[in-house]
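There are 4 protein chains.
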Amino acid sequence: MGKGFASDNNAGIHPEILKAIADANGEHVTGYGNDAYTDKAVGLFREHFGGDTEVSFVFNGTGANVVGLSALTRSYHAVICAETAHIQMDECGAPEKFLGCKLLPVASGDGKLTPESVARYLHGFDFEHHAQPRVISISQVTEMGTVYTPEEIRSLADLAHHHGMYLHLDGARISNAAVSLGLPFRAFTRDCGVDVVSFGGTKNGMMLGEAVLIFDPAMAREIKYLRKQSMQLFSKMRFVSAQFIAYLEKEIWKKNAEHANKMAVLLEQEIRKIPQIRITQKVEANGVFAVVPRHIIQPLQEKFFFYLWNEELPEVRWMTSFDTTESEIRDFAALIRSLL
Amino acid sequence: MGKGFASDNNAGIHPEILKAIADANGEHVTGYGNDAYTDKAVGLFREHFGGDTEVSFVFNGTGANVVGLSALTRSYHAVICAETAHIQMDECGAPEKFLGCKLLPVASGDGKLTPESVARYLHGFDFEHHAQPRVISISQVTEMGTVYTPEEIRSLADLAHHHGMYLHLDGARISNAAVSLGLPFRAFTRDCGVDVVSFGGTKNGMMLGEAVLIFDPAMAREIKYLRKQSMQLFSKMRFVSAQFIAYLEKEIWKKNAEHANKMAVLLEQEIRKIPQIRITQKVEANGVFAVVPRHIIQPLQEKFFFYLWNEELPEVRWMTSFDTTESEIRDFAALIRSLL
Amino acid sequence: MGKGFASDNNAGIHPEILKAIADANGEHVTGYGNDAYTDKAVGLFREHFGGDTEVSFVFNGTGANVVGLSALTRSYHAVICAETAHIQMDECGAPEKFLGCKLLPVASGDGKLTPESVARYLHGFDFEHHAQPRVISISQVTEMGTVYTPEEIRSLADLAHHHGMYLHLDGARISNAAVSLGLPFRAFTRDCGVDVVSFGGTKNGMMLGEAVLIFDPAMAREIKYLRKQSMQLFSKMRFVSAQFIAYLEKEIWKKNAEHANKMAVLLEQEIRKIPQIRITQKVEANGVFAVVPRHIIQPLQEKFFFYLWNEELPEVRWMTSFDTTESEIRDFAALIRSLL
Amino acid sequence: MGKGFASDNNAGIHPEILKAIADANGEHVTGYGNDAYTDKAVGLFREHFGGDTEVSFVFNGTGANVVGLSALTRSYHAVICAETAHIQMDECGAPEKFLGCKLLPVASGDGKLTPESVARYLHGFDFEHHAQPRVISISQVTEMGTVYTPEEIRSLADLAHHHGMYLHLDGARISNAAVSLGLPFRAFTRDCGVDVVSFGGTKNGMMLGEAVLIFDPAMAREIKYLRKQSMQLFSKMRFVSAQFIAYLEKEIWKKNAEHANKMAVLLEQEIRKIPQIRITQKVEANGVFAVVPRHIIQPLQEKFFFYLWNEELPEVRWMTSFDTTESEIRDFAALIRSLL
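Chains as they are written, first to last, in numbering that gives the first Met the number 0: chain A, 0 to 339; chain B, 0 to 339; chain C, 0 to 339; chain D, 0 to 339.
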């Protein structure tokens with residue numbers, strides 16, 4: 000299999016990240032995060048997000064979302080999210096299982112929530128028959144490849160806080176969002192009122208590793224137990240921490256996301272030249288969604304694997320990643336043209 | 000920090016394992032285990048455990064135990080284990096949380112269960128007020144460094160099956176047990192009636208990675224969902240699979256465990272020469288337990304970190320690992336002597 | 000407070016039901032359902048629903064739904080229901096908490112599901128990232144006072160079974176439905192392919208008591224443990240069983256539901272004479288939904304309590320019960336007229 | 000079946016309690032506890048336990064224990080209890096399932112915990128690998144028929160609070176304890192430092208009904224949601240409240256418990272006259288435990304049903320209740336003599 004456009008998860012490890020793992024190998028260090036690598040990685044996150052940020056590394060995105068939400072909820076709470084959200088569609092019910100909470104899905108064409116679309120669920124407060132709305136959870140980048148503006152995030156945070164609720168941000172592709180907005184991480188998260196962030200590394204060139212970021216220390220008091228009980232505590236933690244050190248210190252997050260986003264723009268440009276294909280979402284990060292003639296899907300997938308997003312239209316999703324090349328995109332566009 | 004004897008978790012990655020990760024890097028492969036590395040790794044496990052073994056890779060030992068037990072239980076079941084078992088003592092209640100089951104701890108001097116010690120919990124069957132005994136869970140190597148004989152395991156499996164129950168084996172240190180017994184893995188697990196194994200890699204030289212092994216395909220039907228919902232599905236799975244390929248194919252499991260066990264024997268020999276120290280458990284794998292004079296603990300820990308096991312006695316635990324050296328052990332013994 | 004139209008839950012106990020409780024008092028009987036009252040009550044249910052029906056009495060409607068669904072699901076499953084369903088709106092997340100399952104709400108004007116409206120969730124089978132669709136859950140009578148025809152139920156059962164799924168029926172008001180349809184219970188449940196029924200007694204004149212009915216004995220094997228672990232096992236069971244004996248044997252279910260439904264029709268007739276009020280749902284059982292001028296709501300509630308259903312329209316819900324009187328309805332209509 | 004000595008659960012409803020249910024019947028009242036009966040019943044509890052006591056009525060004892068403990072715990076906590084405790088032995092794992100917590104059983108000959116016996120579990124604080132000890136849970140009366148002195152309770156409360164933990168009291172038979180001690184409820188609960196009480200009514204003459212009592216309002220903030228989500232909220236609440244009104248106002252709790260305890264003393268006296276039977280526990284409430292010749296058990300059970308407590312000895316449990324008569328006891332003793 001070549002690279003294809005299936006998922007940024009299908010890419011490997013960026014060479015500098017791999018080197019960081021190798022460089023951290025050697026002596027014994029205390030397990031479970033009581034080590035100098037982890038201290039340093041946490042410090043780097045605090046440079047980006049503020050000195051009192053509680054940073055908890057976990058294995059994967061589902062783990063980050065569930066552990067982060069567990070700091071904000073008890074089982075009688077409800078979490079409002081887009082119906083396309085990873086926590087709703089792609090985690091096999093892990094949030095319901097671990098949190099005991101109800102997820103309230105909101106229809107959304109572009110993957111975003113708005114104060115207006117969320118409003119339908121903002122009732123039943125103090126009424127014990129009703130799962131209590133507690134968290135609004137957004138994805139930045141959204142699962143539809145779109146990016147919230149800081150103002151959009153601020154309006155959701157204000158709404159949440161007005162109701163005594165919290166704003167959670169699933170940042171599996173947060174670096175792509177930062178690059179897209181041209182803003183530091185903090186400017187569209189903490190500074191906009193986000194309470195908890197799932198900060199993703201895996202989809203942008205790390206081997207594995209995500210971070211749960213909690214900005215209010217009072218909310219973070221139980222996080223170490225919640226992480227352990229949710230099976231997300233890594234014994235040889237240094238090997239995630241070392242990756243994050245390289246990722247942040249050498250700005251690999253930025254280089255990789257810039258490249259992936261740029262490749263998505265190029266892909267969009269090439270595709271827009273093909274009249275039989277209709278791009279369905281704004282291309283703001285590293286994903287391109289398009290409605291394509293059905294007969295080209297299978298032959299195209301044989302050479303460049305990707306996923307069908309909506310079988311009925313049919314709509315496809317093409318993801319670029321840190322190692323996508325221009326020539327791949329041009330070959331892909333050429334193949335499409337030859338199939339039409 | 001030098002190496003110390005704190006935990007085999009504190010060691011790093013065996014060089015050949017690290018190389019296997021690097022070698023698996025490069026092209027895109029499908030995520031979540033649909034890749035050639037995973038196919039090959041699964042095949043290697045099947046060579047050891049039988050062709051119909053269902054193999055599910057997970058991140059860590061707690062994950063392996065919980066996911067494996069989830070295949071055997073519903074929430075009204077009970078799991079009988081030693082009171083020293085990892086699932087009872089070291090997983091922050093993850094089994095209760097995820098499974099909903101009751102854990103029934105059995106007092107055990109050497110970390111082992113016996114048909115006699117388990118018998119006290121084998122009642123209340125069919126009585127709905129009583130959490131139904133469903134699984135006997137043993138650790139091989141035990142948390143006390145001892146190793147079950149195949150006969151001991153067989154007797155527990157027979158007892159479990161006689162009552163319509165199952166036998167689970169927490170093999171976080173299964174390679175050390177295999178080496179200790181001089182037997183293939185299968186001879187003291189599947190062939191003795193064990194139903195589900197947590198096969199550990201992390202403590203014996205891997206970066207991370209454990210495998211849930213289920214021998215009856217009928218029990219494994221739901222495992223892929225249970226693994227995903229328990230947040231134990233790795234997107235870039237190839238990097239665990241590649242480690243296991245090297246681990247099994249190049250017999251790193253064996254070399255590492257042989258070395259660690261040998262170092263434990265050497266440590267035992269050195270310690271037995273010191274009359275003020277009393278070794279409290281048989282040294283059958285890579286752990287040495289000993290009651291030591293209280294005043295030497297802190298100065299000793301400053302040079303060679305290790306954990307206090309039982310504060311009252313005081314009893315300490317010294318673990319060797321794949322990279323423990325003879326000179327370390329001799330230095331350690333010399334330091335003890337100088338402190339006494 | 001007079002009677003009002005708030006809820007059939009606000010009514011008391013039908014005199015013959017109360018007498019049955021008193022008559023069952025006296026001697027000691029074995030607790031937890033091992034008694035002659037329970038045997039008889041179970042037998043009566045089997046006359047209605049078939050001789051192999053597994054009958055489990057529980058305390059309340061939420062308990063019935065959760066225990067019934069627990070027989071059909073494991074935690075990685077999803078339950079499709081109307082967004083107005085009791086399990087979605089009125090149980091404070093008890094299904095998610097106890098089952099661990101995801102609930103998938105379907106928009107529905109009249110409280111009913113259809114094969115078309117359910118279809119959007121019938122995908123992702125065998126895909127482990129996706130909570131697996133397992134149950135379609137309908138309410139009969141719906142929360143909007145409408146009643147499914149047997150054909151409508153059959154079409155949903157067929158759809159469910161076609162996908163290896165099950166059909167659950169929340170029958171908190173099942174007697175009102177039976178009377179509305181003029182059919183025996185079985186004709187619109189088991190005979191239409193329903194797999195599990197929550198059979199309600201509380202809202203139709205009992206003090207408390209619901210029954211979980213499972214038609215396939217294989218699905219019922221674990222039900223006694225699931226009921227106990229969900230805290231729904233009544234020690235002095237005879238006092239629920241005795242109520243159900245009277246309820247079924249003396250056809251109190253029928254008399255009460257006939258009366259309540261008749262009163263709803265009368266209420267509808269009276270209301271339809273008032274042009275400023277618009278009835279919003281078909282009146283097929285014992286509930287009347289209507290959009291009313293906002294200014295009359297509060298003065299009306301002071302004399303006859305009822306609930307606001309939709310604050311924005313504003314839409315109100317008026318429920319009749321077994322003890323609603325014609326004169327109450329006429330007084331109510333007269334008061335409305337005087338307020339307009 | 001006659002009355003027997005199986006369980007106080009096998010008795011019926013005290014006539015004055017039944018009358019209270021009947022008297023509360025009639026008009027409509029708001030459901031779920033927003034009614035004058037519930038207000039009055041809560042007020043009566045506050046007279047006994049203090050004006051700021053949060054009182055939550057639930058269906059059954061398992062519900063009371065689980066809901067009460069849910070106010071004190073999150074899932075990573077552990078609850079220490081006697082190995083004979085109802086929460087450990089008789090609730091089918093409901094605490095683990097609903098709370099997600101680990102239960103830590105303590106061996107106890109007489110059903111009581113002591114600071115010494117509990118101490119073995121008071122470690123691992125702040126260590127995330129360890130389920131955090133959070134609650135000591137005692138039963139008063141214990142499951143072995145013994146009664147804690149206020150001093151014994153105080154010493155456990157002090158120990159719990161010293162460690163930042165809480166003391167929970169399972170008072171399924173709290174009235175028998177009050178009568179046995181000759182003290183008001185408060186004197187051996189709240190005044191001794193107990194934080195949460197499960198106050199039982201069912202075993203002492205009520206039809207059904209238990210109360211969760213929380214003395215610190217800060218701990219009670221979430222209780223209404225936790226009760227609802229645990230399926231323990233009764234719609235027609237007035238019928239539990241009315242029972243508690245009669246129970247407390249007319250001192251039925253006292254009369255019934257005095258009678259039952261007195262009957263146990265009489266039974267003890269009669270049994271002590273029979274040399275072949277050995278009473279194994281102090282008779283301090285309404286239970287008598289005894290080792291009896293094996294051959295008399297079955298013929299005895301045919302006339303007077305009771306439970307075998309420990310099959311090996313064999314030890315039996317005889318419970319008296321509010322309606323046990325002197326003649327029954329004398330007949331029972333006579334039958335035993337005739338069988339020996």
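Don't read these hints as lab results, they were simulated from the structure.
Please read all numbers here as calculations on a predicted model, not as lab measurements.
Be careful, since some hints might not be right.
Note: identical chains are not told apart, hence a pair may lie in one copy or across any two.
[Unchecked claim] Below are the DSBU-like pairs computed for lysine-lysine, each with C-alpha atoms no more than 35 Å apart in a straight line:
| # | residue 1 | residue 2 |
| --- | --- | --- |
| 1 | Lys223 | Lys302 |
| 2 | Lys39 | Lys272 |
| 3 | Lys18 | Lys272 |
| 4 | Lys39 | Lys281 |
| 5 | Lys272 | Lys223 |
| 6 | Lys39 | Lys302 |
| 7 | Lys18 | Lys223 |
| 8 | Lys254 | Lys302 |
| 9 | Lys302 | Lys272 |
Now the hints, each set against the structure:
1. Lys223 x Lys302: Classified as between; 28 Å across copies, 45 Å inside a copy.
2. Lys39 x Lys272: Classified as neither; 47 Å inside a copy, 42 Å across copies.
3. Lys18 x Lys272: So Lys18 and Lys272 fail the 35 Å test inside a copy (40 Å) and across (44 Å) alike.
4. Lys39 x Lys281: neither (37 Å within a copy, 40 Å between copies)
5. Lys272 x Lys223: Result: close neither inside a copy nor across copies, 51 Å intra and 42 Å inter.
6. Lys39 x Lys302: between (42 Å within a copy, 23 Å between copies)
7. Lys18 x Lys223: both (29 Å within a copy, 32 Å between copies)
8. Lys254 x Lys302: Within. Shortest intra-copy distance 27 Å satisfies the 35 Å Cα cut-off; inter-copy 42 Å does not.
9. Lys302 x Lys272: Classified as within; 21 Å inside a copy, 68 Å across copies.
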